[in-house]
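Asks: Given the coordinates of chain A, assemble chain B onto it according to the supplied hints.
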Amino acid sequence: MTLLEVRDLGVRFRGSREVIAAEGVSFTLDRGETLAIVGESGSGKSVTALSIPQLLPYPKAYHPKGSIRFEGTEMIGAREDLLLTLRGKRIGMIFQEPLSSLNPLHSIERQIGEVLQLHEGLSGAALRRRILDLLHEVRIKEPEMRLQSFPHQLSGGQRQRVMIAMAIACKPDLLIADEPTTALDVTVQAAILKLLGELQAAMGMAILLVSHDLAVVRKLANRVAVMRHGQIVEQGQIRDVMEAPQHPYTQQLMAAEPKGPPAPSRLDAPILIRTEGISVDFPIGGGWFSKPKRVVAAVRHVSIDVPEGTTLGVVGESGSGKTTLGLALLRLVASKGPIVVASERIDHLARDEMRRLRRKLQIVFQDPFGSLSPRLSVGEIVGEGLLIHRIGMNEEERRQRVTAALSEVGLDPEAMERYPHEFSGGQRQRIGIARALILDPVFVVLDEPTSALDVSIQVQIVDLLKRLQVQRNLTFMFISHDLRVVRAVAHQVVVMKDGLVVEAGPTERVMTRPEHPYTRALLRAAVDLEPVD
Amino acid sequence: MSRRGWFRLSPIGQRRLAQFRANRRGFVSFWLFLGVFCISMAADLIANHRPLLVRYDGAFYFPTLVSYPETTFGGFFETEADYGDPAVVELIEEKGWLLRAPVPYRYDSVVHGVERAPSPPSRQNILGTDDQSRDVFARVIYGLRLSILFGLLLTVSASAIGITVGAIQGYYGGGIDLVGQRLIEVWNGLPLLYLLIILASFIVPGFWTLLFIMLLFSWMALVDIVRAEFYRARSLDYVRAARALGATDFTVMRRHILPNAMVSSLALMPFVLSGALTTLTALDFLGFGLPPGSPSLGELLAQGKNNLQAPWLGITGFVVTGVILTLLIFAGEAVRDAFDPRRASQVPIE
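For the protein sequence lines, the chains are A and B, in the order given. Residues in the first sequence are numbered consecutively from 934, following the working numbering. Residues in the second sequence are numbered consecutively from 611, following the working numbering.
Next comes chain A alone, as it looks inside the complex:
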């Protein structure tokens, strides 16, 4: 008997406008097998996964038709006490963001213990022994030391391991993993994927993997189902689908990985941006009258040279200081050491003089939802720089410039009167780019501009940036953790770790012949999804 059988499932949300989240979804899953549901945001993949343990916000959500059979038991409309015994015990779940999925006020021992007390009735020494076994199983180092830790004291990878420990505590038959590695660094992602593979082999459970990342899917899944607009458009063995996609959307998705060479530029152009050993320190703790307890060196003696019209890729994992370096170049955080822009030192300029230069130095942020003021219309957001720098004689001329900037990034100028929350992530990122470009800058820091976007949108944004670079001879600093994207845009690359530059050079050389062991580990994790110890 198949473990899980979903037949003709539909999910809808009631509201002023009824939303059809999924329709006609059918798939089966056997023990020991991994099925991946792939799709972009809004494709209905998470909703489908969440309807299996009936965790949707009922009765706002409802199933107009279809059935979900877990070991032959119908889940839709099942009694709540039956569902309670299945959830956690027979069906385990891992979510994307481990920090918000763990209770911040409970220690690790208590978080994991709760599941075991509830479903297996363990207590006392037996419970503790089982928790230690689990932490050992998910490869947490020194589990005894970690029992009393709280979620915020763990790293992202460790938190995800704790989540996995909770999910597998009762040896479930089915593990639902909803974007399990999306919030993690590449090297950690590789390690978590390896762990999931090993656990599956050891326990023989079925995994339903929900992901937008084809590389992750390829690594872990046996079979794959591609979803779009709430429907499965293609389903099959992983190799068949990946190598010979039948449906046009799947083909488009497979082709959507950012690739191609960076925009044609000359690395022997005059240097536009140069730093000579700049450092950024953040003091931690201490009061007004006492010295800080500790100083965190976020950026340590970093020297870079960026020729005009080229892109410098800055690669590193979270906490490596790459964003801080970008902010320091624009003097948005205090730094020490010379920063030279077009042979003018800007690190000693007073605030007012710096304000004049800001027009030439712009930034685009990672989070397209946090970087646009929610209470200003798009026209006001994009046009703000014009007002600040008194560009444009009158309202009408400024309006025309905003129109031009919006068209240049591929947005309908009608967007001007609307608010940011009415736009999708990719559109919002375009608005952020328009805001930076309207001032006609020479240098733009791009802080993870594609990380929060779907792959097909990533490609569009990358193409847009490359086109703009050629048209306007722009100089970019492209900060990213995603080596594939960096490879597609950057002429030179610096690899950062703990605030230091461990390797720098032309992109192709660094990507193909890395010299530093850390770069090699990073590449292996990002390209092959293999962890390096």
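For the record, the hints were derived by calculation from the structure and aren't laboratory data. The structure displayed is predicted, hence computed values, not measured ones. Ideal Cβ positions, reconstructed from N, Cα and C, are used throughout, including at glycine. Take the hints with a grain of salt, since some may be wrong.
If you want the footprint, here are the derived chain A segments under chain B, 3+ residues with CB under 8 Å [stated by the list, open to error]:
hint: 1; segment: 1300-1308
hint: 2; segment: 1316-1324
Derived, one-sided and incomplete: chain A residues facing chain B with beta-carbon distance under 8 Å [unchecked claim]:
hint: 3; residue: 1251
hint: 4; residue: 1263
hint: 5; residue: 1265
hint: 6; residue: 1288
hint: 7; residue: 1291
hint: 8; residue: 1292
hint: 9; residue: 1296
hint: 10; residue: 1368
Computed Cβ-Cβ distance ranges for the label pairs, DEER-style [as the list claims (entries may be wrong)]:
hint: 11; chain 1: B; residue 1: 925; chain 2: A; residue 2: 1014; range: 53 to 59 Å
hint: 12; chain 1: A; residue 1: 1016; chain 2: B; residue 2: 788; range: 50 to 56 Å
hint: 13; chain 1: A; residue 1: 1406; chain 2: B; residue 2: 767; range: 49 to 55 Å
hint: 14; chain 1: B; residue 1: 654; chain 2: A; residue 2: 1354; range: 44 to 50 Å
hint: 15; chain 1: A; residue 1: 941; chain 2: B; residue 2: 635; range: 42 to 48 Å
hint: 16; chain 1: B; residue 1: 838; chain 2: A; residue 2: 1343; range: 48 to 54 Å
hint: 17; chain 1: A; residue 1: 1058; chain 2: B; residue 2: 939; range: 56 to 62 Å
hint: 18; chain 1: B; residue 1: 791; chain 2: A; residue 2: 1226; range: 20 to 26 Å
Replies: Chain B only, in chain A's frame:
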């Protein structure tokens, strides 16, 4: 972009208006409040012991605007004509006519011919008279005008000060914030009521002195919430983006953070306004408010308490105060919701 004439609302403004209208309860309350406000603003035309217009001997006279001596109409006295005196009315009607206000009493005119004050509602005095034989209806609409103007002035000035102080504390943080917060805590500890009672013993507070004294103690209402908003918003990406564009601190605060802080401020403002009305009413009730003789809701309530045999005083005071506060809160809620774009659309679920 913005501001294209006052009457041609931008699409954003139009949507806010539509949003406001969609809230039926708030919208109706707003119009009712506006109606009450307008009526009370026109108190001089509605309740006045002087006629609105006099036609006498081929000429027009405007007694509400200009003071005419009795001799103008052929009387004996050099003093202002008393239009309540039947003799004067007779003089005028001999050679013309006079148009009276709907309620021929002002808040301070004494109603003649009442057997015993306070007198119950009658055709002549629809809400009766108070213990000094003055028309209650006239006193209510003059009292409303005074209370609403006082409340609005106090709210606007208290909010302006509170938002400025909160913005500076939240945005700059650190030492400024710490010192500011401690000062506010100390200041908050001073008891307003006792201070007013002490002050009332050596100065007679008028409208403006009372406003100033109450302002000294009510500007803190918005500080905490504005400070928290600024503190949170100053490290957000869009604030950073504005700084990268070269915006000055003032621009960042005004354009980027203040609109966010305004929603929570607006949410509080109806409460500040109704609080101001309540405080003024309470002070008048205790006799430490506006000078004696001023029309006020608090004084009416005090009369109601002192004259339990005349329930129309207490009931009128209670109903008027209650209704006006309720209208204010409903309308305030609707305004707050209209300014919040995130309330406007239903958040879609993936």
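Asks: Failing hints, ascending?
Replies: 3, 16
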